[in-house]
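Asks: Chain by chain, the residues:
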Amino acid sequence: MEKIKSLEDLKNLRDKAKETLRTRSGDVKVTIFASMGTVGIAAGAREVLKMIISELEKRNFSDVEIIEGGSLGLDVEEPVLTIERAGTKITYGKVTPEMAKQIVIQHVINGQPIGEYVIARSKK
Amino acid sequence: MKELSLNILDIVENSVNASAKNIDIVIEESAREDTLVIKINDDGRGMDESVLKSVRDPFMTTKSSKKVGLGVSLLNASAQMCDGRLDVASSPGKGTNICAVFKNSHLDRPPLGDISGTLVAVMAMHPGINISYCHKINDKIFAVNTSSLRELMSPLPLNNPAVLKGIEEYIKSNLENLKEG
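Chains as they are written, first to last, in the working numbering: chain H, 152 to 275; chain R, 6 to 186.
By construction, these hints were calculated from the structure, which means they are not laboratory data.
These numbers were taken from a predicted model, which means no experiment stands behind them.
Backbone N, C-alpha and C define an ideal beta-carbon position, used for all residues, glycine too.
Treat the hints with care, as some may be off.
Looking from chain H toward chain R, a few residues come up when the C-beta cut is under 7 Å (computed) [unchecked claim]:
| no. | residue |
| --- | --- |
| 1 | Glu-159 |
| 2 | Leu-161 |
| 3 | Asn-163 |
| 4 | Leu-164 |
| 5 | Ala-168 |
| 6 | Met-202 |
| 7 | Glu-208 |
| 8 | Leu-223 |
| 9 | Gly-224 |
| 10 | Val-227 |
| 11 | Lys-245 |
| 12 | Lys-274 |
| 13 | Lys-275 |
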């Protein structure tokens with residue numbers, strides 16, 4: 152990404168992104184629930200979220216919504232990340248930025264959950 | 006917390022959970038007074054006196070009202086460790102004002118850390134909330150607010166990944182400038 156120093160640079164980015172933005176098919180395809188409570192933050196949830204944004208940007212994937220997921224009461228598993236895709240919710244625990252990168256590529260974009268990281272599943 | 010920017014993220018999440026729509030974050034670093042001041046003001050539902058009294062106490066607050074206290078008590082502990090203090094003013098319906106003061110040169114003062122990461126995390130999760138951020142170092146100042154960023158980036162939403170990444174870079178490079186000057 153080019154250096155962005157001014158509001159003018161941000162405007163240029165907007166104009167470029169507008170062109171390359173794939174037309175949305177309507178609904179948001181994937182919802183990402185990031186747990187951002189005190190324990191999650193202390194355990195690294197912000198760095199996980201930053202990695203998610205970076206990967207989504209790199210791969211030009213914007214059919215996604217990121218929501219503050221609230222604590223699941225699974226403090227020991229923080230940072231916790233839940234992905235909802237095609238009616239199924241899958242929760243990952245002790246997520247590192249590196250894991251988050253894999254989760255974005257394999258699960259969020261390509262629909263293949265990463266079994267070894269999963270701590271919970273539920274159908275809608 | 007390793008960084009004060011993580012404390013800020015935590016407090017801002019409290020504000021959001023208290024239904025705040027506008028959140029002002031002010032950071033003031035003064036070499037003359039050797040202080041670092043962090044102020045977070047919101048227009049959320051506020052706290053009544055009993056919650057306010059216990060807001061610094063991690064044991065009282067986590068039990069009585071889960072969402073309110075732990076983050077504040079961590080910031081309080083951090084400020085006190087650095088010859089500083091934490092003031093909280095709040096009343097129901099009037100929002101909450103938090104002001105933490107640190108002795109800037111104190112050895113135990115955590116670094117501010119990744120402010121742009123904190124702001125972008127909030128924008129990603131809560132694109133509709135108005136955040137205004139103002140950072141003063143001595144006489145220099147950098148200010149940004151999400152309502153004008155939202156307008157600038159329209160029709161793209163604030164939580165578009167490319168937009169978020171761009172805003173993160175914008176804030177980062179401006180804060181670097183501020184520190185160098």
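Asks: All hints, please: hold or fail.
Replies: Hints and how they fare:
1. The closest approach between the C-beta of Glu-159 of chain H and any C-beta of chain R is roughly 10 Å, which is over the 7 Å cut-off, so the hint fails.
2. Of the supplied interface hints, the one on Leu-161 of chain H holds, with its beta-carbon coming within about 5 Å of a beta-carbon of chain R, less than 7 Å.
3. Evaluation of the Asn-163 of chain H hint against chain R yields a violated restraint, the C-beta minimum of about 9 Å exceeding 7 Å.
4. Restraint check, Leu-164 of chain H versus chain R: the minimum CB separation of about 4 Å is within 7 Å; hint holds.
5. Because the beta carbon of Ala-168 of chain H sits about 4 Å from the nearest beta carbon in chain R, less than 7 Å, this interface hint is met.
6. Checking Met-202 of chain H against chain R: minimum C-beta separation of about 10 Å lies over 7 Å; hint violated.
7. Taken as an interface hint, Glu-208 of chain H checks out: its beta carbon lies about 4 Å from the nearest beta carbon of chain R, inside 7 Å.
8. For Leu-223 of chain H, the shortest C-beta to C-beta distance to chain R is roughly 13 Å, which exceeds 7 Å, and the interface hint is violated.
9. The restraint placing Gly-224 of chain H at the interface with chain R is violated, with a minimum CB-CB distance near 10 Å, outside the 7 Å limit.
10. The interface hint given for Val-227 of chain H is broken, as the beta carbon of that residue sits about 16 Å from the closest beta carbon of chain R, more than 7 Å.
11. Interface hint at Lys-245 of chain H: violated, since its Cβ lies 18 Å from the closest Cβ of chain R, which is beyond the 7 Å cut-off.
12. At about 25 Å, the closest approach between the beta carbon of Lys-274 of chain H and any beta carbon in chain R exceeds 7 Å, and the interface hint on this residue is violated.
13. At about 21 Å, the closest approach between the beta carbon of Lys-275 of chain H and any beta carbon in chain R exceeds 7 Å, and the interface hint on this residue is violated.
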